[in-house]
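Student: Sequence:
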Amino acid sequence: MPHTTWLDGSAGHENQAGEGAEPVARDLPASTDGRAGAHRNAPRCGEWVDAAECWDETRWRRNEASRSELFEMALAAHASMHTSPLPWVRVDRAHALDTWQRLLVLCPDAGVEVQIAALFHDINRLIDEAEERLEHRASNYQAFKDDHAQRSAELAYEALEMAGLPKQLTRRVAALAARHEGRPEGLEESALADADALSFLSLLGPGYADAFGIDQARRKVRHTLKRLGAQSRPGLVKARLRQDVRWLVDQSIPTLSTEAV
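With this note's numbering, the residue at position 238 of the sequence shown is 660, and numbering never jumps.
Rather than coming from a laboratory, the hints here were simulated on the basis of the structure. Please read these numbers as outputs of a predicted model, since none were measured by experiment. Fair warning: there could be bad hints in the mix.
What the hints assert, rightly or not - Distance condition first, Cα-Cα at most 25 Å in a straight line; then the derived DMTMM-like pairs of lysine to aspartate or glutamate:
1. 589 <-> 486
2. 589 <-> 569
3. 648 <-> 557
What the hints assert, rightly or not - Restraint-style ranges between C-beta atoms, simulated for each label pair:
4. 660 <-> 479: 19 to 29 Å
5. 486 <-> 584: 19 to 29 Å
6. 659 <-> 505: 32 to 42 Å
7. 593 <-> 531: 15 to 25 Å
Where a beta carbon is used, it is the ideal one built from N, C-alpha and C, also for glycine.
Work out the full structure: start from the sequences and follow the hints.
Tutor: Structural data, given as structure tokens:
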């Protein structure tokens, strides 16, 4: 199959399914229990993330808040926490940077707290999911995501406090991280939730479908679309999505009001 490099820099394969046919995640090895092997698939996720545009510091968007010393301290702390060679850790670093950059597209005047929250919103994965993803096994998906958000908030607070950032700022960042999987309140919270969702669909979606299969990818895409604000959904039309992810998005949107995640 020919390779395609998407606008966001992630590498993928063209899907060769016929129009209207259900795509099949490629090269999907089955685990011993019949599910995709998350740990076994992690190196492939690392490979496609390696090409992501968000690694190029010279192309990073910044505003006055993210040119501040406080943000630089947070950015350095985040980088120091992602030195492990584990592929999922590299995936998480790429997603954090990509979410931060998308936040600035959606909210150019974003303050320093929400930009730091964009970096740290999934930081708990360093503790619970660095070697193997767990969310696809959750019996109550939303409860799992809410717990993940709360644990990320707690870890973000500890890490930023250790890095020497002011307590008032770290409390605000933790509050933003704790709510990023729920219903956002206000412009900045909505922009953070939407940036997170768009980053998943564009940057992480292809590797997620390959690692966990089309059924779990469908579940994740529906959950992500339900979180995406109405003001950001028109952006999906222009978003560069791999064909199987685009198919899942197009199939899921009409069912959002009638079907549970």
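Student: Evaluate each hint against the coordinates.
Tutor: Here is how each hint holds up against the structure:
At roughly 21 Å between alpha-carbon atoms, residue 589 and residue 486 fall within 25 Å of each other, so this suggested pair holds. The hinted pair formed by residue 589 and residue 569 meets the criterion: a straight-line CA distance of about 23 Å does not exceed 25 Å. Note on residue 648 and residue 557: the hinted pairing holds, with a Cα-Cα distance of about 17 Å set against a maximum of 25 Å. The hinted window of 19 to 29 Å between residue 660 and residue 479 holds, with their beta carbons roughly 25 Å apart.
In this structure the hint that residue 486 and residue 584 lie 19 to 29 Å apart at CB holds, the actual value being about 26 Å. Separated by about 38 Å at the C-beta atoms, residue 659 and residue 505 satisfy the suggested range of 32 to 42 Å. Judged by the Cβ atoms, the range 15 to 25 Å given for residue 593 and residue 531 holds: they are separated by roughly 21 Å.
In summary, the structure agrees with every hint in the numbered list given earlier.
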